[in-house]
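Just so you know, we're using the numbering used here here: the sequence shown kicks off at 1 and counts up by one.
Don't take each hint at face value.
[Unchecked claim] Below 20 Å or equal to it, Euclidean Cα-Cα: the simulated EDC-like pairs (lysine to aspartate or glutamate) are:
no.: 1; residue 1: K69; residue 2: D292
no.: 2; residue 1: K257; residue 2: E212
no.: 3; residue 1: K108; residue 2: D119
no.: 4; residue 1: K9; residue 2: E212
I should point out that these hints are in silico values taken from the structure, not numbers from a laboratory.
Fair warning: this is a prediction, and the values are worked out from it, not measured in the lab.
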Amino acid sequence: MTKSLPFTKKQIEQVIKTYPTPFHIYDEKGIRETAQNLYKAFSWVYNFKNFFAVKALPNPHILKVLKEKGMGVDCSSMAELLLAQKVGFKNEEIMFTSNETPAKDYKKAKELGAIINLDDISHIEYLEKNVELPKLICFRYNPGPRRTGNRFIGDPKEAKFGLTYEQIFKAYEIIKKKGIKRFGLHTMVVSNELDQLAHIETAEMLFDLVVEISKKVGIRFEFINVGGGWGIPYKPTDKAIDVNFVSQNIKKLYNQKIVKNNLAPLRVVMENGRLITGPHGYLVTTVIHTKDIYKKYIGLDACMANLMRPGMYGAYHHETILGKEKSSKTQMYDVVGGLCENNDKFAIDRKLPGIKVGDLLVIHDTGAHGYSMGFNYNGKLRSAELLRRTDDSVQLVRRAETIDDYFATFDFSKF
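Using the sequences and the accompanying hints, generate a full structural model.
The structure is reproduced here in structure tokens:
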């Protein structure tokens, strides 16, 4: 089986005349359609919003597109807050979800009017001491043994994130006594999860908790944030999440638990990043070497510094050889980069058409946690990012790093 591309070999060859490989290229049309489909599916929700996880693809041009589609942003650092501010996000269009957070980051989040999502009960006192409590407070819930995670995010009781079941009640009691009158509840228990029931169960877990806390503490919640973690079909055989199916099942639970207990309206929001941009990003790279020893290797001008997921997680990313989409996959290769690390592999024992030096290879589904996880080990420079606009034109949205960039933070004055 194979996966389609939104561009042709001829089009990419034209792009390469201006922007040499490797580079990440994003498909604006696909991003817009995915965003639109999500909002349509959850149109039953009062004031629905997806707070796009900036960490997935921190590029202002992408964030601008998503802002136009009605999205907010989920930020986790000072840099992400500043990026959101530059794009024009403000007030409760910003969710600030962070852990082990410096006071200056909290101050910036409060200055912007962001929704502050606290990761620990002790952060109530920390905020009071270093900033001041905002008028709206959300807590991140960690269900521990009450819920299983998945292989990417791990067992909740081993996770460093969030408040325990016992702590979450106490936390809302504390802030209620301090005069806070606006409340939210958040969790994040899976990552890159294709099991639709897992996402429905997360909503149910939060609905039940809202009912419990509301009755015991005597508060009324404005929203729940069911987190993100919706997976995408990296493999051709994977089945994409049916957002309408998930939405309608969450709606049933909402009526059974929230409406029935007179707790409506309760906003349901989320923070998907990968779902929105992941399938619409591609790493375009050139074959610069072939090697035949104990195995056959294809050496690219890209490396793990351009896409960490395969080497870090053993994650699958589909690969297409431009111009050979219909050719038989007769050869077995390891597809590798040039780092001095043996896990710098984009594919292991992958059947592909016969490949030669100069071929263009496209790695699919790099639109989330691709460029953003890049690094400079071995002095590798980060690549350019391009945006394929809806009229098929291509725009440079981040230039490639240069050696001068790499040297910029060194102090050579004493040499």
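Hint by hint, here is what the structure shows:
1. Taking the CA atoms of K69 and D292, the gap is about 49 Å. The hint is violated against a cut of 20 Å.
2. With a C-alpha separation of about 11 Å, the suggested pairing of K257 with E212 holds against the 20 Å cut-off.
3. Between K108 and D119 the alpha-carbon distance is near 17 Å, which keeps this suggested pair within the 20 Å criterion.
4. This hinted pair does not check out: K9 and E212 have alpha carbons roughly 57 Å apart, beyond 20 Å.
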